[in-house]
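One line per chain: the protein sequences are A and B, in this order. What the first sequence shows, in my numbering, is residues 3 to 505, in sequence order. What the second sequence shows, in my numbering, is residues 53 to 206, in sequence order.
Possibly wrong hints are sitting among the right ones.
Partner residues are not named here, just some residues of chain B that face chain A (Cβ under 8 Å, in silico) [stated by the list, open to error]:
1) VAL75
2) PHE96
3) PHE108
4) VAL114
5) ASP131
6) SER140
7) VAL156
8) LEU162
9) GLN171
10) LEU175
11) ALA182
12) THR193
13) ALA202
Hints were generated in silico from the structure; no laboratory data involved. Since the model is a prediction, treat every value here as computed from it, not as a measurement. Yeah, the Cβ is synthetic: ideal placement off N, Cα and C, and Gly gets one too.
What follows is each chain in one-letter form.
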Amino acid sequence: MLQTFALLGQGFLDCLTLMNIFCAVVGCLLGSLIGVLPGLGISGTVAILLPITYGMSPLSALIMISGIYFGSQYGGAITSILVNIPGESTSIVTCFDGHPLAKRGMAGKALSTAAISSFCGGMIGMVGLTFAASTLAKVALGFGKVEFFSIVVFGLILLTSISGKNQLKGLIVVCLGVVLGCIGLDDLYGTVRFTFGIVDLYKGISFVTFVMGVYGITELMGAICIPEEQGSVMDFRMRDQFLNGQDAKQIWKTIIRSSILGFGVGLVPGAGSTLATFFAYGMERSLSKHPEKFGTGLLEGVAAPEAANNAAMYAGMVPLLSLGLPFTSSMALLMSAFIIHGITPGPLFIAENPTLFWGLIASMFVGNVLLLIINLPLVGIWASLLKVDFNILMPLITFITFAGGYAINYSVFDMGVMVACGFVGFFMSACGYNMAALAVGLFLSSTLENSFLGTMTLYHGNLLAALIDRPVAAVILGIAVIALVISISKSLMQYFKKDGGKQ
Amino acid sequence: MKEKVLQRMNKIVAALLLLIGVVALTAALRDLKFGSFAKPQAGFAPIIFSIGLIIFSAINLVIELFRKNSIPENLKHVDWKKWFLYMSICIAYVFFIKKIGFTVDTFLCLLMMLKLTGQRGILKPLIISAVFSVILWALFTYAMNVALPAADWF
């Protein structure tokens, strides 16, 4: 325990340099700036802004990326409250009570509640992350290929079962993601696969380029080509912004409960922050003495989802930092950002790079505090951004995305891949295919293949013998199979029960 | 009635296209070695996952054939003319970037995209496009040390 605090203290020393604080401030500002724009989700925002960190030292880059990540999350809440358009899927629930509060002239209080709840949720999540990640990393040091194979299968199955509405489509996109991840030179044998003679494909599809396409270009395409009214922004006064003692008393229990629940939900692979917000809101409504008032403008209705989604985001970092396995698209993108800067998260990451790990944890703490300090006074500026003509902003962001896509590998071919991914992503997401599962499938493809091939070679093609030899892997894989069977039978029951297939 | 049939056809066509695409992708694997379960080769994982993909896509097509739901809600509201033009501008941008260089290409395509999104007049879109393309070029070149594509003739 004492060693943990000592390392954390060292992390703060490394993190609190002028340059790193500047990076955190810029990251938070840029994240909030782009996150406030409806239509651009967290993954899109991080993908678009990632090139800014090129050329920085790894720690400064991580600090800026964390700032962008959490800033974009907060930006989504602003849009939800003031315009009733969720900037991200994690902000949908915030709209339920946030916008009614704004309509009643309490926009400032709703925004303060969102900021403070996010901060507290983040802090609780961070404490959980600190202990869970270092503990899991120690456990994971004993993991072999069989365990990693089981964990990846487990995560992918849960991702399709929990987050998507249609399990079959979920399975299709996961398999498609894994196959797309096989494009290029094979890691083990150096054989060229799926390249169709195109030399640019030898290195495979860059994950960041792919995400920029399926999230960035797809979302921009939707924003430009689907005519929607630009919502009217609610006016508010700065002096109405601060919470009084009564308000604080009203929400503190909600914040703590929702943060703990959010962290727990976020630990489940594939569940992600969005599900955590719905669970937390549902829990608060069922615990409330006035459940009928939820949806009419209650501060608890804003505090619950905001605390839960921040805590869940930190929980999502536990498998990322300790196992090197991201199970949401935004975490996969974050991992790509780490890899771009020469950092490979995994069981050895914490032991071999304590400076970076604890610096990252400390930077998240600093980023969280900065977000609270920066965003409350600046909320008026973010709100005014919502009044800017989106017909000008969206084309500008399109070309920033293109330039960012080029900057990853200095490749015009990658820009073409982005356009193709945007085109495919637009139709697939409209047809109900889960793009997060596709992205995570693509990202985990090589881990899945290498661990699977390693297992098969090690146990001479006998998977059963491998599972008997490694009981932890057997349990994980068993849970995954049970989850898959339950989810498929549930879908089939719904399909036949509802309308005999005439949905 | 005719519209309903067309709407249903849309999803079937999407599922069919997916299946055709997947089969075509799998065909590209025919030269790869599968190996054996004890000694898997480079084609082992892609072949297994491609077969899974074909099976799932085929089931999906069958389900879509028996479903009577309409066109996806999101696609109902798409301004297809704008969508086509947006895609065309994006493709043209990528195609011409090496030929005419980043700044000129960005200026021209941004100008077209601003007109596409409904900017009136010519002066305002012209100024926005010119200023933005130069700022973007300067930002990437000087602040981020990224050498953006220059024109072939430059």
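So, going through the hints one by one against the coordinates:
1. VAL75: violated, 12 Å
2. PHE96: Holds, about 6 Å.
3. PHE108: For PHE108 of chain B, the interface hint holds, since the closest Cβ of chain A sits about 5 Å away, which is under 8 Å.
4. VAL114: Since chain A brings no Cβ nearer than about 10 Å to VAL114 of chain B, farther than 8 Å, the hint is violated.
5. ASP131: holds, 5 Å
6. SER140: violated, 10 Å
7. VAL156: For VAL156 of chain B, the interface hint is violated, since the closest Cβ of chain A sits about 13 Å away, which is over 8 Å.
8. LEU162: holds, 6 Å
9. GLN171: Given a least distance of 7 Å, the restraint on GLN171 of chain B holds.
10. LEU175: violated, 14 Å
11. ALA182: For ALA182 of chain B, the interface hint is violated, since the closest Cβ of chain A sits about 13 Å away, which is over 8 Å.
12. THR193: Status violated, d = 10 Å.
13. ALA202: At about 12 Å, which exceeds the 8 Å cut-off, the nearest Cβ of chain A leaves the hint on ALA202 of chain B violated.
Of the hints listed earlier, those the structure fails to meet are numbers 1, 4, 6, 7, 10, 11, 12, 13, in rising order.
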